[in-house]
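Novice: The primary structure of each chain is shown beneath.
4 protein chains.
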Amino acid sequence: MDSYQETVIRVRYAETDQMGVVYHANYFIWMEVGRVEYCRSKGISYRDMESNDQVFLVVGEVNCRYSAPARYDDEVQIRTSIAEVNPRVVRFEYQLSTVKDAKPLATGWTKHVFCGGDKRPAKLPEKYWEMFGIPLPAASR
Amino acid sequence: MDSYQETVIRVRYAETDQMGVVYHANYFIWMEVGRVEYCRSKGISYRDMESNDQVFLVVGEVNCRYSAPARYDDEVQIRTSIAEVNPRVVRFEYQLSTVKDAKPLATGWTKHVFCGGDKRPAKLPEKYWEMFGIPLPAASR
Amino acid sequence: MDSYQETVIRVRYAETDQMGVVYHANYFIWMEVGRVEYCRSKGISYRDMESNDQVFLVVGEVNCRYSAPARYDDEVQIRTSIAEVNPRVVRFEYQLSTVKDAKPLATGWTKHVFCGGDKRPAKLPEKYWEMFGIPLPAASR
Amino acid sequence: MDSYQETVIRVRYAETDQMGVVYHANYFIWMEVGRVEYCRSKGISYRDMESNDQVFLVVGEVNCRYSAPARYDDEVQIRTSIAEVNPRVVRFEYQLSTVKDAKPLATGWTKHVFCGGDKRPAKLPEKYWEMFGIPLPAASR
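Protein chains in written order, with the numbering used here: chain A, 1 to 141; chain B, 1 to 141; chain C, 1 to 141; chain D, 1 to 141.
Since the hints were made in silico from the structure, they are not lab data.
Note that the coordinates shown come from a computational prediction; the quantities given were computed from them, not determined experimentally.
One thing to keep in mind: the hints can contain errors.
Identical chains share a label here; the pair holds if one copy fits it or two copies do between them.
Said to hold, decoys possible - Distance condition first, Cα-Cα at most 27 angstroms in a straight line; then the derived DSSO-like pairs of lysine-lysine:
| hint | residue 1 | residue 2 |
| --- | --- | --- |
| 1 | LYS111 | LYS123 |
| 2 | LYS42 | LYS119 |
| 3 | LYS42 | LYS127 |
| 4 | LYS42 | LYS123 |
| 5 | LYS103 | LYS119 |
| 6 | LYS103 | LYS123 |
| 7 | LYS42 | LYS111 |
| 8 | LYS127 | LYS111 |
| 9 | LYS100 | LYS119 |
| 10 | LYS100 | LYS123 |
Please work from the sequences and hints to get the whole structure.
Specialist: Below, the structure is given as structure tokens:
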């Protein structure tokens, strides 16, 4: 897909570890920030989707490849896009790089299952299809 | 009060920061571990108290004084006691030290308001009084 | 002191807990964000101060009083100021509130000891005095 | 490989999120706990390896598949093994399950590059080969 959204975060001291760089698990927190901003840019408030419509994106699998360490106080750009989507599952992809010199830091993806209020798999309501880039069935158009 | 409970945790890599020591906010997570184990030692499952009886200990104020840094892979002892308690409020106190040489690391306290399912202040149900060390009213004994 | 700096962060999903609100220890991470931005607004890069001049602000004591819970996706304003400072110690104060309706969330403070590369107390180098608001001795002016 | 090590952690309140289950990034912190205990069981102190021999296991790639949510206060068993290893790279594998009823929670792996004090790739010193399960060259036996 050709659509992506860019968000910038600044590395917090708490996110570093004694190796002097960002602890690897924190990249998944940044991906979540990217994901939420991606949704917002498409007109979806993830918060409202959860609280008003009981739609939850339960995490099924995640992956991250690290190419260079992020450091304290760096500004990190998160480029988020949707790699795969259907009314059951969505997979986001992320490219992380430094703002200052566009150095690639990591690439990753997270796969989510659309779930209902009981946190069990449930088809995404049609009102969200367009915003997630799912083609509407002919009858709905 | 003379009753306390001791728990030991081991410092995780994720808990350190680039200063090479444990990031200060993590001590409050350890205090929570101490608090939960204190409750367990008194026969209270904090989990059940929340899910079965809708009793929540909402944090009102916290404090920590640091005397020496905890380091990666250190075993840290958390000594937890109740400093003040009544059916509305409980204040826990904590002393943290290294297991290896009993070096004091920090002392802290956390004050909690007993709340109900709506997260608003609510008197602690009498069934929990004894375990929290609150004297029962004469009629209930 | 009458000088303060304001920073805004947005609550991350990772920062919430099962009570449906922000976990209390995370406020200290936000205070750190506020502190760093306060320094930046005074022309001090905390990162450079550490790496170039081996000046470390080691945390000595922290405190936070919570008045209302922060929630997922809220924008939180952190108003940071210096409450006390001398060449040995600095105490920052923080007021946290929601951006949307200026609702007070918490107030806190953190006390730091200026330390050198060995992480032991060391007088703050004079070049930083003015920026921290410490009056320079007559001879240095 | 047929050798594995088992560690148990208990889910902390701080590790949950507002979905009422453990936030997904925390599994990587638990894997780190498993990894360190795996090393300890083989006679390797990861702390000493870093501080005495300047050997660092820099994270290159990580993956986790989630099958069921871990919940607050659950005891979680982490079964750690080495899936691949040579003097340049090691890949650990993890199986996470509940202690109470052996319910599978997640499987994951983390790939690490052995690095030196400058955090650049460096062949693992031979003294550690046996403990990581790397066959020693004939001449060294």
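Novice: All the hints need checking, so say for each whether the structure fits it.
Specialist: Hints, one by one, checked against the model:
no., hint, in the structure
1, LYS111 x LYS123, "within (15 angstroms within a copy, 35 angstroms between copies)"
2, LYS42 x LYS119, "within (24 angstroms within a copy, 33 angstroms between copies)"
3, LYS42 x LYS127, "within (13 angstroms within a copy, 48 angstroms between copies)"
4, LYS42 x LYS123, "within (19 angstroms within a copy, 45 angstroms between copies)"
5, LYS103 x LYS119, "between (38 angstroms within a copy, 17 angstroms between copies)"
6, LYS103 x LYS123, "between (39 angstroms within a copy, 26 angstroms between copies)"
7, LYS42 x LYS111, "within (19 angstroms within a copy, 35 angstroms between copies)"
8, LYS127 x LYS111, "within (21 angstroms within a copy, 41 angstroms between copies)"
9, LYS100 x LYS119, "between (40 angstroms within a copy, 22 angstroms between copies)"
10, LYS100 x LYS123, "neither (41 angstroms within a copy, 32 angstroms between copies)"
Violated hint: 10 only; the structure is consistent with all others.
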